[in-house]
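Chains as they are written, first to last, in our numbering: chain D, 1480 to 1965; chain C, 1480 to 1965; chain H, 636 to 976; chain U, 636 to 976.
Take the hints with a grain of salt, since some may be wrong.
[Unchecked claim] Derived DSS-like pairs (lysine-lysine); straight-line CA-CA distance at most 30 Å: (1) 948/U to 948/H; (2) 956/U to 948/H; (3) 948/U to 923/U.
If you're looking for bench data, these hints aren't it; they were derived computationally from the structure.
Predicted, not measured: the structure shown is a model, and the values here were computed from it.
Chain by chain, the residues:
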Amino acid sequence: MTTRLLVGPFNRVEGDLEVTLELKDGRVDSARVNAPMYRGFEQILQGKAPQDALVVVPRICGICSVSQSVAAARALADLGGMQMPANGQHITNVILATENLADHLTHFYLFFMPDFTRPVYAAKAWHAEALRRFAPQTGEQVRAAISARQRWFELLGTLAGKWPHTQSIEPGGSTRPVEAAERTRLLARVREFRSFLERQLFAAPLEQIAALRSEAELQAWHAQDPWRGDFRLFLSVAQDTGLAALGPGPERYLSYGAYPQPGGGYLFAPGVWSSATDALGPLDAGAIREDATHAWLADAGGPLHPSAGLTRPEPDKADAYTWNKAPRLGGQVVETGAIARQLASAHPLVREVVARHGGTVYTRVLARLLELAQVVPMMERWLQQLVVNDAYCVNTALPEEGLGVGLSEAARGSLGHWVQTRRGRIVNYQIVAPTTWNFSPRDAAGTPGALEQALVGAPVLDGETTPIAVQHIVRSFDPCMVCTVH
Amino acid sequence: MTTRLLVGPFNRVEGDLEVTLELKDGRVDSARVNAPMYRGFEQILQGKAPQDALVVVPRICGICSVSQSVAAARALADLGGMQMPANGQHITNVILATENLADHLTHFYLFFMPDFTRPVYAAKAWHAEALRRFAPQTGEQVRAAISARQRWFELLGTLAGKWPHTQSIEPGGSTRPVEAAERTRLLARVREFRSFLERQLFAAPLEQIAALRSEAELQAWHAQDPWRGDFRLFLSVAQDTGLAALGPGPERYLSYGAYPQPGGGYLFAPGVWSSATDALGPLDAGAIREDATHAWLADAGGPLHPSAGLTRPEPDKADAYTWNKAPRLGGQVVETGAIARQLASAHPLVREVVARHGGTVYTRVLARLLELAQVVPMMERWLQQLVVNDAYCVNTALPEEGLGVGLSEAARGSLGHWVQTRRGRIVNYQIVAPTTWNFSPRDAAGTPGALEQALVGAPVLDGETTPIAVQHIVRSFDPCMVCTVH
Amino acid sequence: MGAVQTSPPGLNVLWLQSGGCGGCSMSLLCADTTDFHGQWRDAGINLLWHPSLSLASGSEVIEMLNAVLAGTLRVDALCIEGSLLRGPNGTGRFHVLAGTGLPMIDWVKRLAAKARHVVAIGSCAAWGGITAGGDNPTDACGLQYDDDRPGGLLGAAFRSGSGLPVINVAGCPTHPGWVTDTLMALAAEGLSEAELDTLGRPRFYADQLVHHGCTRNEYYEFKASAEKPSDLGCMMEHMGCKGTQAHADCNTRLWNGEGSCTRGGYACISCTEPGFQEPGHPFHQTPKIAGIPIGLPTDMPKAWFVALASLSKSATPRRVKLNATADHIVVAPAARKTRLK
Amino acid sequence: MGAVQTSPPGLNVLWLQSGGCGGCSMSLLCADTTDFHGQWRDAGINLLWHPSLSLASGSEVIEMLNAVLAGTLRVDALCIEGSLLRGPNGTGRFHVLAGTGLPMIDWVKRLAAKARHVVAIGSCAAWGGITAGGDNPTDACGLQYDDDRPGGLLGAAFRSGSGLPVINVAGCPTHPGWVTDTLMALAAEGLSEAELDTLGRPRFYADQLVHHGCTRNEYYEFKASAEKPSDLGCMMEHMGCKGTQAHADCNTRLWNGEGSCTRGGYACISCTEPGFQEPGHPFHQTPKIAGIPIGLPTDMPKAWFVALASLSKSATPRRVKLNATADHIVVAPAARKTRLK
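Extracted from the complex, chain D is given alone in its bound form:
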């Protein structure tokens, strides 16, 4: 006999989320994800001047606002055939990285780790320590992290006027030229954050963390002092609670490539990693389709490519159980996020752990943390590469008619904007966000989305109404429901 469990409201995820579980023998037998809120951004954008997207889209989501801006700016740049000057490119990367890393930090300290302070773990050796560090509102590290994050975001006060919701990111670059002395100041700020990471999170130099090449190395390092720094405490907890085996995903991973460089190329390569073949396939964005079969949205045309996508609410549609469409790549379910970026860009440690454990709670969080260690030094480099007094922004008019695509890697994974204009106005604007992928419902073929797959088999303890394992798995994706549906 299966029983049904309706879980919600979730929190410590962005936006509202509901999961319906079918339980069997103390395990999840099947799951359905509901993104319960619809705002209609794609509808709102119609008829507006294309540049208005730069004001509107960031407001899709307050936690990955910049990612949206970047995707929109790239879509418009694509539409207008613009090329950012090097300075603009660097600044855009710095702004985006600032947000991405802040999101990772927020996820780890505010969203993910607090679950280990729950009474269910009271018997664990590390529980008191977890409480001391991660109890919401009182945990020492939680508070330290909020404080570090606040300082970190001051980077964006300088570079982007404010966060969230900047308009400083333009198709042609950045509206905020940086003077030499400001660069110095920004570097100091980055170092301040680095110091937080090196003292609190990793208790080790970032370069040392980024250079861990195998799980053996990781474990050896972990064993040196298993609770020193929050990362190692996480590793201890993960070991103890078997997170490595919890919530295995679809084992196909999508990355659009992150941090494009002025000379071309990305610092995190694009591609599709398949655990089955242990190989990286090329990215074919043309193979994306959105399937609205189980969404309260019109699906008359069947699965559509976003450039021709359609978004029209049909609130009373039968069989629908979410406001989210189901994007598929070449018909397949993929997972996206830091883990995908690491796999695509061949991080040896991540490739090894994923090969060993699959995409699970443990490997997702690990990949995210590694990114913190990798990207901060990159940011330092970008700032150093600025050529003060060179241009930060070029200005080109947009064509009256055309199509533009903007792909970007947000904290949570691959984000795409597709814009179409006619007579200087937007006629269609489609957005496929990372959590749109990860938390997609079943498709026309009935194939469940990534999370829906990952939940299957999750243990549910007696009397649990909001099963802890389910929470770990859900949060391991760092979902953002406002992005998901927009």
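The hints should help you fit chains C, H and U onto chain D, whose structure is shown.
Just chains C, H and U now, with coordinates in the frame of chain D:
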């Protein structure tokens, strides 16, 4: 046989300081204090508009800038017969208290405690801990204190435009009206500092510290956890190194009274405390004389009252050994500072420890720290007492001719400004600062100043060129040499 | 949290999100304090629940909401972030609170009736905001306003337990300081209606204009205007800046350290104002009639604007003129050598 | 400290104070960082000695100074705070460095000859500053300037090891950010002469005017002027504000959080400018000729100023006029209700 030791440059005191010691049998036999720098503020002020003093005097000293402003504003108010409105009075008190407490904090963490990290104490049980906390530039608490201080001074960014050297303090009140929401914000900032004190310095609620009534209580509290919090660590160190017996002063203490209230009266009473009679005498500012016998300054008129004072350099004067005059009260040497304020305002604990040990390194530092615990809650009260939208400043013209006196309690003690105007210009401006009192040279009668007395008997170890005991004693006064001479 | 809810002392804050983007909360976490939670606690603010900051999830939350409705848990400030989605067709089904099957607008209405204060966090919750843009597909509105029209979800007549209308901490996102100051004020002596402006915004920030303290002021004085993104000049004339009209202290109380929209190089779109999301023109362009901007500085007659603007343009020093359209200072201000200043 | 001094890598900073008030150092400690020393260390700045921040005292210090003179200890940035006192009669005896019997000016001259960069911290060290006020009783001067006349202690021709003249981080006090940025720049890629203005000040702050970003800008635009302390209006016309002439970014890069002189309610006295201490008029009053301020905004001809000022005065909205002479907002800006802005 006595040998002579020339000690300098001192640091971790404001300004430059030189002390000449005569040693005998491993102890200081006699000492002479030299304030080796003269800038001539009293000369510079002559001929200026009286209000110009508000710009000039804060620049006498960067660490007690506000105290100078307050004294000048009071002198001008006295000259013009002005009365601050209640809001102005409160704001002035808040600004002054902010500076005074910051100075106490700076003194404790940056100036005084670091000496205990010196190798001479390497054998002490607490030495490693002292190093960890108080090593200059690296000590954890030193760094935390600088950070707390930086935040604390943001109070003055709001209330005084900047620190040091504000012009917001006027004879008629404050130039910076405070709105209700700002008050809220300021209160939060005060609480942030309170939290630093309660977590780091005292490891106890401020009210509990302020309420300690006897040394027995203090010791009982200390014994609970002798190294917990920096105050208790200090108490441990003080006990172990005999600071209670080190550097006894003249045993007469002067306070002008601190934090005058709109209704009249002070929160720290004025007066002259004499240990000999165990009694508080009234303050007679008319009995002040400055004696320039041993200063490189003209002393033709003999000791003068500051209202008729004279400051004219005579660099080649024989028998002079400092730029500082020797102020005397009724012909007597007095000590001033937090300890004097506490004695005058009858703090039972301070009265008891001073009765027991005298004014020594230990009691001076103790009095200062107690003030931190007492004044922060007062500040909260003053902010709460603001009547938003009532006047903050009255504006009155100054008379063309007249005399004005401004007395104030700076961090380091009693500060007086005496101004005389004629034809709307300053004809004489005399300043007697706290360290002018404490670090005064001998007077015409040959009586040494407070520090000169306190140093006598200080032990000097073999081979010491900058004897540690001397450093403790000197710094226990928290001297400011730029104030001293101006 | 246990089944029985006790009401802690202090200001109990219950925070819910609906048709917004969560950005107001994200912004809030950037409040200028070294210890966010400590600051709230010390100010006597008690966070009953916040979707990003609390442990409680799922059933625990529902239990708590029920305790509030049951009156066993006091809510002093009900903070709503995001607009209220009344569609489709007034059902509110565009947002059904997860795990409850009940539209969020119903939850909000019921909880508002229990709260001592109701606070709209951000322009979404205040006026409908960005979600009400375009042709408002979800029939989004604010708690007590539909753009600048009183009404909204709770109706123009609504007053919370304290007797105040909804307090509109508008802004998109709203400034962390605005929220903190508002809540701290409520936790301390409270706010009087006189401290709210005609649109229910706290006057401490709404009585300012964004233009106050803009670093481009000298350019403005000479109407030396930026012509393209990254130019240094004033953005009022061409680039759509509404700083002279927007009620907010963004250039006085900066954002994320030293930021503000105009400092960031882009126009103020007056995000604190009702209806900002539909200005009737592209955001990045100043609408003009006969070359004169339609949106004139607050309280300034057009005639004066015209007279002064054209004159001051003629008076523009070379430095200001050239720098206005450059992305870094090309002419530095003269260093004067005069004793008498 | 041992007898043998080793020179650590990085930017070795030696900081000495003479005829100043120590305020520049005090200000420096207010630098916007959560870990002052950590920030310096991470930037590769090495504090060899600072009078308030170092352990070494007395003979240890003298030993160190001698090591510098002997060339065994490298000084990359010699920071001097406070003016150089040449009196009495050129002897320098107004400040003899304690424990050494040698006038500070001699120390500074000798050390400057060894330093890779020489940095004047604050207006005292740059121009003589406040200490050179009145009839300059101590014959105070700056490292390379006497007010605005090149010369000073080291002479107009002086160049440090790096080939740069003295870097004048002027200000009284100087802003912590100015110092930090300067030192960090030296520690990183260094500063080129092109990055200094004609008076040797780092251009990153000296190319700005204090007026930029002043929150009283709207009052200025209408010449709605404050008349007494605590008024909200612009302080240029009556209260002595030199913000339109002072080279500094005080209203852009704020002080102690959200402060600045004009935000604090008092005039900018242009403390970054040479000779600011003797403006030739009382600081709190604007000197005028025929009712027109003598000190006009930078780069602005008098005629234009007069023309615009009198016109804009006539254009002043009631709100601005009344608030200018009040200590809180008595008329709030109108809240417009229009869709088209």
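Taking the hints in turn, this is what the structure says about them:
1. 948/U to 948/H: 17 Å, holds
2. 956/U to 948/H: 24 Å, holds
3. 948/U to 923/U: 17 Å, holds
Checked against the numbered hints given earlier, this structure breaks none of them.
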